[in-house]
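All chains, please: the whole structure from these sequences, using the hints.
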Amino acid sequence: MEKYVTFCVHEVEFALPIDHVNYIEHLEDITQIPKTNPFVLGVSHVRGQIIPLIDLKHYLFSQSCRLDSTTRIIGISFNENQLGIVVEEAKEIMDISPDSIQQVSHIDEHHFRVARLENRLILIMEPEELLNNRDIGKILNQLNLEEIKK
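Under our numbering, think of the first position of the sequence shown as 1, with each following residue one higher.
No wet-lab data here; the hints were simulated from the structure.
Be a bit skeptical, because a hint or two may be false.
Under the rule of at most 20 Å between Cα atoms (straight-line distance), these lysine to aspartate or glutamate pairs were calculated in the DMTMM-like manner [stated by the list, open to error]: (1) Lys138 - Glu118; (2) Lys91 - Glu126; (3) Lys91 - Glu28; (4) Lys3 - Asp99; (5) Lys91 - Glu11; (6) Lys3 - Asp95; (7) Lys35 - Glu118; (8) Lys3 - Glu128; (9) Lys91 - Asp68; (10) Lys35 - Glu126; (11) Lys3 - Glu118; (12) Lys138 - Glu128; (13) Lys91 - Glu118; (14) Lys3 - Glu89; (15) Lys3 - Asp68; (16) Lys91 - Glu2; (17) Lys138 - Glu80; (18) Lys3 - Glu28; (19) Lys138 - Glu92; (20) Lys3 - Glu13; (21) Lys91 - Glu13; (22) Lys91 - Glu25.
Quick list of the computed label-pair ranges, beta carbon to beta carbon [unchecked claim]: (23) Tyr23 - Ser62: 26 to 32 Å; (24) Asn22 - Gly42: 15 to 21 Å; (25) Gly137 - Thr31: 18 to 24 Å.
Here a beta-carbon is modelled for each residue, glycine too, at the ideal position from N, C-alpha and C.
Now the structure itself:
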């Protein structure tokens, strides 16, 4: 069994491997970054670091995420890069057996595996897919350059 954090976006249940999840926080102030992709909300100060924020609903479904009391930032990391994904609701931490997970054919540019659990299908995302996105990479590089200048 492996542990995953589950969350909802656009009424679809997703999961991320807990090994890559650093925190789940309420959404606070966002500083917008001009001339970025529409799914990039901006940056925020979270736990002492400046983190780029991605609207996962916009990234996946081309619709903006509602920003209310249930909205959460899930902080993820992969290869020393950090990113905050904004989701409509964080649900639970759960164990998922590798036997219940199947690879799905590549749909568009997004890659998912699907966990089949009793009466639920959960789409499993891999952090590297988000962190390897070209637009997100540009922001991460800009933040790293600013950090070096200090």
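Evaluated hints:
With a C-alpha separation of about 40 Å, the suggested pair Lys138 and Glu118 falls outside the 20 Å cut-off, and the hint is violated. With a C-alpha separation of about 18 Å, the suggested pairing of Lys91 with Glu126 holds against the 20 Å cut-off. Restraint check for Lys91 and Glu28: the C-alpha separation of about 19 Å stays at or below 20 Å, so the hint holds. Taking the CA atoms of Lys3 and Asp99, the gap is near 14 Å; set against the 20 Å cutoff, the hint holds.
For the given pair, Lys91 sits about 12 Å from Glu11 by alpha-carbon distance, which is consistent with the 20 Å threshold. For the hint linking Lys3 to Asp95, the alpha-carbon distance of about 5 Å falls within 20 Å, and the restraint holds. For a cut-off of 20 Å, the pair hint linking Lys35 to Glu118 is broken: about 44 Å separates their Cα positions. Restraint check for Lys3 and Glu128: the C-alpha separation of about 17 Å stays at or below 20 Å, so the hint holds.
For the hint pairing Lys91 with Asp68, the CA-to-CA distance comes to about 15 Å; that is within 20 Å, so the pair holds. Simply put, Lys35 and Glu126 have alpha-carbon atoms about 26 Å apart, too far for the 20 Å limit, and the pair is violated. Pair hint Lys3 plus Glu118 holds up; C-alpha atoms about 17 Å apart against a cutoff of 20 Å. With a CA separation close to 15 Å, the supplied pair Lys138 and Glu128 stays within the 20 Å bound.
For a cut-off of 20 Å, the pair hint linking Lys91 to Glu118 stands: about 17 Å separates their Cα positions. Between Lys3 and Glu89 the alpha-carbon distance is near 18 Å, which keeps this suggested pair within the 20 Å criterion. The straight-line distance between the Cα atoms of Lys3 and Asp68 is roughly 27 Å, outside the 20 Å bound, and the hint therefore fails. Proposed proximity of Lys91 and Glu2 is supported: the alpha carbons are some 17 Å apart, at most 20 Å.
For the proposed pair Lys138 and Glu80, the alpha carbon gap of about 15 Å is at most 20 Å, so the pair holds. A distance of roughly 27 Å separates the Cα atoms of Lys3 and Glu28; the hinted pair therefore is violated under the 20 Å criterion. This hinted pair does not check out: Lys138 and Glu92 have alpha carbons roughly 31 Å apart, beyond 20 Å. With a C-alpha separation of about 15 Å, the suggested pair Lys3 and Glu13 falls inside the 20 Å cut-off, and the hint holds.
About 9 Å separates the Cα atoms of Lys91 and Glu13, which keeps this hinted pair within 20 Å; it holds. In summary, the hint linking Lys91 to Glu25 is supported, as the alpha carbons are separated by about 13 Å, within the 20 Å threshold. Between Tyr23 and Ser62 the CB atoms are about 27 Å apart, so this pair conforms to the stated range of 26 to 32 Å. For the pair Asn22 and Gly42, the supplied restraint of 15 to 21 Å holds, since their beta-carbon distance comes to about 19 Å.
Range check, Gly137 to Thr31: Cβ separation about 19 Å, and the 18 to 24 Å hint holds.
Checked against the numbered hints listed earlier, the structure breaks hints 1, 7, 10, 15, 18 and 19; every other hint is satisfied.
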